[in-house]
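A.B. asks: Next come the chains, spelled out residue by residue.
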Amino acid sequence: MDSRDSAHSQISLRYRKGDLIMKEGDYGISIYYVKKGHVRVSKKQGNSEIDLATLGPGEVFGEMVFLNKTVETRSASVRALDEVELEVWHPASLSREYNQMPPILKFITNQTLARLTTMNRMYAQLLKKKKSVRRGHAHEQRGDTRKYYRKEFNRPCTYRPLNGPDKPPLKGLVAEISVAGASMTVGSRNTLAFKHTVDDEIVVFTSLPSGRELELPCIITAVNKDHAPGDVHIGLKFMELDGETAKAIGFFMIS
Amino acid sequence: MEIDSSVYGYMVDEQEYPDKKIILEEDSIGDWVYIVLEGEVKIKKSTKKGVITLATLGKGSIFGEMPLFVKREKRRTATAQAHGPVRVGILDTARLDREIESLSPQLRNLIKTLTKRCRETMKNISRLAGED
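In the order they appear, the protein sequences are chains A and B. In terms of my numbering, the first sequence opens at residue 26 and continues consecutively. In terms of my numbering, the second sequence opens at residue 984 and continues consecutively.
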């Protein structure tokens, strides 16, 4: 063991199989070192979760927030796969060392970090594509099997791809809405800026007649280009809505 | 990308490659670390259904750095191929090794994990891309 070890606080944590150790989206700055056992790193994608990695003794997680100063929340969830013992490192002392490390190592580390992020995204996209090919047939029918009553809405909206590059938002019209989803009409020119395909995730911004603003993360469930020339009809299913938004839509539905 | 000025101090050699020339090959053994000085390099990996491009690296990009952090694995994870004429710098591996050795076990582990995860993800991508 290195003498510098004493500079780091040595708090140990134990977890049992299945325990959630870190939750995607939560705030947190600690770094965890796996002493015993194995953990699984996973990330949300739409309504499902994809596994990014399995880590074992000697490996570290929770490092993204520490290394990437523009990230404030956990970029993935971590669960215990068996009996797990972790050492918690507070980032303060590591941070000092990191800043004093030879610039070339920082230069390399930053590139590795950027590459890992890119590779994770590539893997997630590939996984999504494979899944949608497998489920291809089911999608065609999804638009016909509505479980919820839809109400006419006809209000303008803007939208943009979720997790995509920050481009100017696109414009459309929310034609109908339900508590679980909506249908949107957009000009076919919009498809030049963003290829609307089933399973793409977008955020739609619109407002209720009362003036209440709505921010709706959605998954595209259907794309229909044959309704009217120049128009594309898009079926949307809401992803997790926050309680207040869901309530506001609920009130609108019965008003 | 701007090349960090400190990098030049580690450069021991420069090499030029014509378009399409392989700079390092997947599964071959080697621990040289490269930096792109001019031109572009494609990082490619084989799958059961053919070769896929994982990344295109430009000026300032480091490649071949994985063995620095994961000592046991000297086999190259992917192929690096010149995309147009390329000039690369070769970095002093022994000196980089010493710098890494001088880090605390914590920091070294942290960087090592990043590298391992990067490599694992590249393998996952290649596996998935090769599936039907």
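Worth flagging that the hints you see were computed from the coordinates, not collected in a lab. Among the hints, erroneous ones may be present.
As the list claims (entries may be wrong) - If we take Cβ atoms under 8 Å as the criterion, some of the chain A residues that face chain B in the derived model are:
| no. | residue |
| --- | --- |
| 1 | Glu-84 |
| 2 | His-115 |
| 3 | Ala-117 |
| 4 | Glu-122 |
| 5 | Gln-125 |
| 6 | Met-126 |
| 7 | Pro-128 |
| 8 | Ile-133 |
| 9 | Arg-140 |
| 10 | Leu-151 |
| 11 | Tyr-173 |
| 12 | Pro-193 |
| 13 | Phe-263 |
| 14 | Leu-266 |
As the list claims (entries may be wrong) - Okay, derived cross-link-like pairs now, BS3-like style, lysine-lysine, Cα gap no bigger than 27 Å in a straight line:
| no. | chain 1 | residue 1 | chain 2 | residue 2 |
| --- | --- | --- | --- | --- |
| 15 | B | Lys-1003 | A | Lys-68 |
| 16 | B | Lys-1027 | A | Lys-131 |
| 17 | B | Lys-1054 | A | Lys-61 |
| 18 | A | Lys-155 | B | Lys-1004 |
| 19 | A | Lys-61 | B | Lys-1032 |
| 20 | B | Lys-1054 | A | Lys-60 |
| 21 | B | Lys-1057 | A | Lys-131 |
| 22 | B | Lys-1099 | A | Lys-69 |
| 23 | A | Lys-153 | B | Lys-1032 |
| 24 | A | Lys-48 | B | Lys-1099 |
| 25 | B | Lys-1057 | A | Lys-155 |
| 26 | A | Lys-155 | B | Lys-1106 |
| 27 | B | Lys-1025 | A | Lys-154 |
| 28 | A | Lys-154 | B | Lys-1028 |
| 29 | B | Lys-1057 | A | Lys-153 |
| 30 | B | Lys-1054 | A | Lys-155 |
| 31 | B | Lys-1028 | A | Lys-60 |
| 32 | A | Lys-69 | B | Lys-1095 |
| 33 | A | Lys-156 | B | Lys-1028 |
| 34 | B | Lys-1032 | A | Lys-131 |
| 35 | B | Lys-1032 | A | Lys-42 |
| 36 | B | Lys-1042 | A | Lys-68 |
| 37 | B | Lys-1095 | A | Lys-156 |
| 38 | A | Lys-154 | B | Lys-1027 |
| 39 | A | Lys-131 | B | Lys-1095 |
| 40 | B | Lys-1099 | A | Lys-154 |
Glycine included, every Cβ here is placed at the ideal spot set by N, Cα and C.
A.B. asks: Does the nearest C-beta of chain B fall within a distance shorter than 8 Å of the C-beta of Pro-128(A)?
C.D. replies: With a closest approach of 4 Å, the Pro-128(A) hint holds.
A.B. asks: Verify the proposed pairing of Lys-1099(B) with Lys-154(A), using a straight-line Cα cut of 27 Å.
C.D. replies: holds, 25 Å
A.B. asks: Quickly compare the C-alpha distance for Lys-131(A) and Lys-1095(B) to 27 Å and report which way the hint goes.
C.D. replies: Status holds; Cα separation ~13 Å.
A.B. asks: Are Arg-140(A) and chain B close enough, Cβ to Cβ, to be under 8 Å, as the hint says?
C.D. replies: holds, 6 Å
A.B. asks: Given the hinted pair Lys-1042(B) and Lys-68(A), is their alpha-carbon gap at most 27 Å?
C.D. replies: violated, 31 Å
A.B. asks: Would the hint on Phe-263(A) be counted as holding, given a Cβ-Cβ threshold of 8 Å to chain B?
C.D. replies: Check failed: Cβ of Phe-263(A) comes no nearer than 29 Å to chain B, outside 8 Å.
A.B. asks: Could you grab the alpha-carbon distance between Lys-1003(B) and Lys-68(A) and see if it respects the 27 Å cut-off?
C.D. replies: violated, 36 Å
A.B. asks: Are Lys-1095(B) and Lys-156(A) close enough, with their CA atoms no more than 27 Å apart?
C.D. replies: violated, 32 Å
A.B. asks: Min Cβ distance, Pro-193(A) to chain B: is it shorter than 8 Å?
C.D. replies: violated, 27 Å
A.B. asks: Is Lys-1057(B) within 27 Å of Lys-155(A), Cα to Cα?
C.D. replies: Violated, because 32 Å separates the two Cα atoms, which is more than 27 Å.
A.B. asks: For the pair supplied as a hint, Lys-1057(B) and Lys-131(A), confirm whether the alpha-carbon distance does not exceed 27 Å.
C.D. replies: holds, 22 Å
A.B. asks: Mind checking the alpha carbons of Lys-1054(B) and Lys-60(A) for me, to see if they're no more than 27 Å apart?
C.D. replies: holds, 20 Å
In terms of the numbered hints stated before, the structure departs from hints 2, 3, 5, 11, 12, 13, 14, 15, 18, 19, 25, 29, 30, 31, 34, 35, 36 and 37, listed from lowest to highest.
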